[in-house]
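Number of protein chains: 2
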Amino acid sequence: MAKRSFPLSKVYSLLEPGPVVMVTTAAKERANIMTMSWHTMIDFEPPIVGCVISDRNYTFGVLKATKECVINIPTVELAEHAVGCGNTTGRKVDKFKTFHLTAVTASHVKAPLIKECYANLECRVIDTRMVAKYSLFILEVLKAWTDPSRKNPRTIHHLGKGVFMVAGERIKLPSTMK
Amino acid sequence: MAKRSFPLSKVYSLLEPGPVVMVTTAAKERANIMTMSWHTMIDFEPPIVGCVISDRNYTFGVLKATKECVINIPTVELAEHAVGCGNTTGRKVDKFKTFHLTAVTASHVKAPLIKECYANLECRVIDTRMVAKYSLFILEVLKAWTDPSRKNPRTIHHLGKGVFMVAGERIKLPSTMK
Numbered sequence: 001m002a003k004r005s006f007p008l009s010k011v012y013s014l015l016e017p018g019p020v021v022m023v024t025t026a027a028k029e030r031a032n033i034m035t036m037s038w039h040t041m042i043d044f045e046p047p048i049v050g051c052v053i054s055d056r057n058y059t060f061g062v063l064k065a066t067k068e069c070v071i072n073i074p075t076v077e078l079a080e081h082a083v084g085c086g087n088t089t090g091r092k093v094d095k096f097k098t099f100h101l102t103a104v105t106a107s108h109v110k111a112p113l114i115k116e117c118y119a120n121l122e123c124r125v126i127d128t129r130m131v132a133k134y135s136l137f138i139l140e141v142l143k144a145w146t147d148p149s150r151k152n153p154r155t156i157h158h159l160g161k162g163v164f165m166v167a168g169e170r171i172k173l174p175s176t177m178k
Numbered sequence: 001m002a003k004r005s006f007p008l009s010k011v012y013s014l015l016e017p018g019p020v021v022m023v024t025t026a027a028k029e030r031a032n033i034m035t036m037s038w039h040t041m042i043d044f045e046p047p048i049v050g051c052v053i054s055d056r057n058y059t060f061g062v063l064k065a066t067k068e069c070v071i072n073i074p075t076v077e078l079a080e081h082a083v084g085c086g087n088t089t090g091r092k093v094d095k096f097k098t099f100h101l102t103a104v105t106a107s108h109v110k111a112p113l114i115k116e117c118y119a120n121l122e123c124r125v126i127d128t129r130m131v132a133k134y135s136l137f138i139l140e141v142l143k144a145w146t147d148p149s150r151k152n153p154r155t156i157h158h159l160g161k162g163v164f165m166v167a168g169e170r171i172k173l174p175s176t177m178k
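Protein chains in written order, with my numbering: chain A, 1 to 178; chain B, 1 to 178.
Wrong hints could be hidden among the right ones.
The list cannot tell twin chains apart, which means a pair is met if one copy fits it or any two copies do.
Derived DSS-like pairs: lysine-lysine, alpha-carbon spacing no greater than 30 Å straight-line [claimed, not checked]:
#1 LYS172 <-> LYS133
#2 LYS115 <-> LYS133
#3 LYS133 <-> LYS143
#4 LYS133 <-> LYS151
#5 LYS172 <-> LYS97
#6 LYS133 <-> LYS64
Simulated from the structure, these hints should not be mistaken for lab results.
Just so we're clear, the structure is a prediction, and the values are computed from it rather than from any experiment.
Here chain A stands alone, though its shape is the one from the complex:
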């Protein structure tokens, strides 16, 4: 894999802009993918992430049981794959096979990385107290990978009902913010 280790201290810069992500899990021999947009950074380092996964999703039960997942960040080239994974269920479909995506072994968790995504965050569930009420899982990012050849990844951002905003131009303003 052409990916390199990415510093945990910079993981916030990948998720803070709000991209659609593809969450992989593994139950026994079976890996699955779900598409998700409801996530937020919670802390910088170690990077803590909150994500909302409905109990109607197959991933909900697997994540609750295995406490491991990978957050994979696709770019616009994978928009159809992301929608496909969002419109099917892992109860019935092998999504890696159906959508021609490549599973790569992770270093810290059993869930696989999606090779075609430009960034991958290996995560462990560290708090499930908000799962019953809000379906909100608290994750710690254990290891991050990015493709260093992708300089301005054109992430996709869901506006609802299959409409996506594609990442546009970048601007830089003087700022003391992290």
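Put chain B on the given structure of chain A with help from the hints.
Just chain B now, with coordinates in the frame of chain A:
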């Protein structure tokens, strides 16, 4: 104000893409603004939002005490205002005055709307159990406003250290997702 009431059932479409937002609060006679990127939708309707506000921010104490705020969504024309509000503290600065923003009375909360933002979400804090550990406030959106003349608002998305991605083109894919 040229804004119209916006259906609560569609509020997710405003926050799901992950824009930078400006959170207003009011303590006694004093209104304040802070810039924030760490938020996620938690439920569709009523719209429930999670947001992370550090206890180092002036807004933290005010929000905890008053349990009310407005989430205002700026577009790229307000990028400098957003950065300015992010780099100053309400302990020392009257941000409405300093950054030439206009406070408009809200309908359900004491915190004001920022007139110049294209959308405004009046919110009440409904759960503070994750505040001590994660600085995570759970908000319910009580009332939403948008400017109907702004068809493709160019929201800004923070990539860290004053670099922002500006919302680019829109694409639509066949999808059964909400």
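Review point. Quick one: LYS172 to LYS97, C-alpha cut-off 30 Å, is that within a copy, between copies, both, or neither?
Key: So LYS172 and LYS97 pass the 30 Å test across copies only (24 Å; inside, 41 Å).
**Study point:** Intra- versus inter-copy proximity for LYS64 and LYS133 (alpha-carbon distance at most 30 Å)
**Key:** both (14 Å within a copy, 21 Å between copies)
Exercise for review: Measure nothing new, just compare the shortest in-copy and cross-copy C-alpha distances for LYS133 and LYS151 to 30 Å and report within, between, both or neither.
Suggested key: Intra 39 Å, inter 35 Å, cutoff 30 Å: neither.
Check your understanding: From the Cα coordinates, with 30 Å as the cut-off, is the pair LYS133 and LYS143 best called within, between, both, or neither?
Key -> For LYS133 and LYS143, both the intra-copy (28 Å) and inter-copy (23 Å) Cα distances are at most 30 Å.
Review point. With identical chains treated as interchangeable, where does the CA-CA distance between LYS115 and LYS133 reach 30 Å or less: within a copy, between copies, both, or neither?
Key: So LYS115 and LYS133 fail the 30 Å test inside a copy (34 Å) and across (34 Å) alike.
Point to revise | Within, between, both or neither, where LYS172 and LYS133 count as close if Cα-Cα is 30 Å or less | key: neither (39 Å within a copy, 32 Å between copies)
In this structure, the earlier hints numbered 1, 2 and 4 are contradicted, and the remaining ones agree with it.
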